[in-house]
Amino acid sequence: AQRVTQPEKLLSVFKGAPVELKCNYSYSGSPELFWYVQYSRQRLQLLLRHISRESIKGFTADLNKGETSFHLKKPFAQEEDSAMYYCALLNAGGTSYGKLTFGQGTILTVHP
Amino acid sequence: DAGVTQSPTHLIKTRGQQVTLRCSPKSGHDTVSWYQQALGQGPQFIFQYYEEEERQRGNFPDRFSGHQFPNYSSELNVNALLLGDSALYLCASSLVAGGLPGELFFGEGSRLTVL
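Top line first, the protein sequences correspond to chains V and W. Note that my numbering has the first sequence beginning at 1, numbered continuously upward. Note that my numbering has the second sequence beginning at 1, numbered continuously upward.
For reference, chain V alone in the conformation it holds in the complex:
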């Protein structure tokens, strides 16, 4: 069974400091991983997908299959990055749709 683990419930950094939100996964197939974010009083939304190899709002995430990790990183945190972050794993089962398995989430607080 697939599982996503986010070991840090809370993470606090100061503005301008680097930040890394950890995510580890367990999945027998080829994983597709995502980071979702929920800002205060907003709905949950997609931040980035590993397959796109993109940088969104300065965040990047690299899939490390050897360590089964998909950590989210940003070199210089901003106050507007404060939010709840969820790592998620897609189980498509060979279909064009599928279910996401979410981690428990990490609350990131960036202090001025």
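Keep in mind the hints are simulated off the structure, nothing from the lab. From the three backbone atoms N, C-alpha and C, an ideal C-beta is built for every residue, glycine too. Some clues are possibly wrong.
[As the list claims (entries may be wrong)] Reference excerpt, derived from the structure (chain V facing chain W, CB under 10 Å, subset only): (1) Lys9; (2) Leu33; (3) Leu46; (4) Arg49; (5) Ser52; (6) Cys87; (7) Ala88; (8) Leu90; (9) Gly103; (10) Gln104.
Given the structure of chain V, go ahead and fit chain W onto it with the hints provided.
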């Protein structure tokens, strides 16, 4: 485009009662997924509907059932409510053909309290 809309936003029920939650997907989307989010936890997959059929289901009992209508909107029904069913219920829509796998658009949720 209003995005994904859910109703009601809050509701209170007592044990043993039944509840129906409603979801309208983002315009143009054809797939609806339902998630349960308990306090302090990540969203947990309940089931997914596409072409009016349940396509995938998570580890939830048969008390949880759903439906998708021809206009792609969806309902989540929970029978014989238990205290443990108290949670935020999230609806998410996506597009099978032409959409990006795993890209879900979420509603704001329906907060269910069971007393």
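Hints, verified against the model:
At its closest, the beta carbon of lysine 9 (chain V) sits 8 Å from a beta carbon of chain W; the interface hint therefore holds under the 10 Å criterion. Look at leucine 33 (chain V): its Cβ gets to within about 8 Å of chain W, closer than 10 Å, so that hint holds up. Interface hint status for leucine 46 (chain V): upheld, as the beta-carbon distance to the closest one in chain W is roughly 5 Å, under 10 Å. Satisfaction of the interface hint for arginine 49 (chain V) is found here, the shortest Cβ-Cβ separation to chain W being roughly 6 Å, below the 10 Å cut-off.
Annotation: serine 52 (chain V) was flagged as interfacial toward chain W, and the flag holds, the nearest CB pair being 8 Å apart, inside 10 Å. At a threshold of 10 Å, the smallest CB-CB gap from cysteine 87 (chain V) to chain W is about 9 Å, leaving the interface hint in force. Taking 10 Å as the C-beta contact cut-off toward chain W, the hint placing alanine 88 (chain V) at the interface holds, the least distance being around 7 Å. With a least beta-carbon distance of about 4 Å to chain W, the hint placing leucine 90 (chain V) at the interface is held under the 10 Å criterion.
Given the 10 Å rule on beta carbons, the hint for glycine 103 (chain V) holds: about 5 Å separates it from the nearest Cβ of chain W. Satisfaction of the interface hint for glutamine 104 (chain V) is found here, the shortest Cβ-Cβ separation to chain W being roughly 5 Å, below the 10 Å cut-off.
Checked against the numbered hints above, the structure violates none of them.
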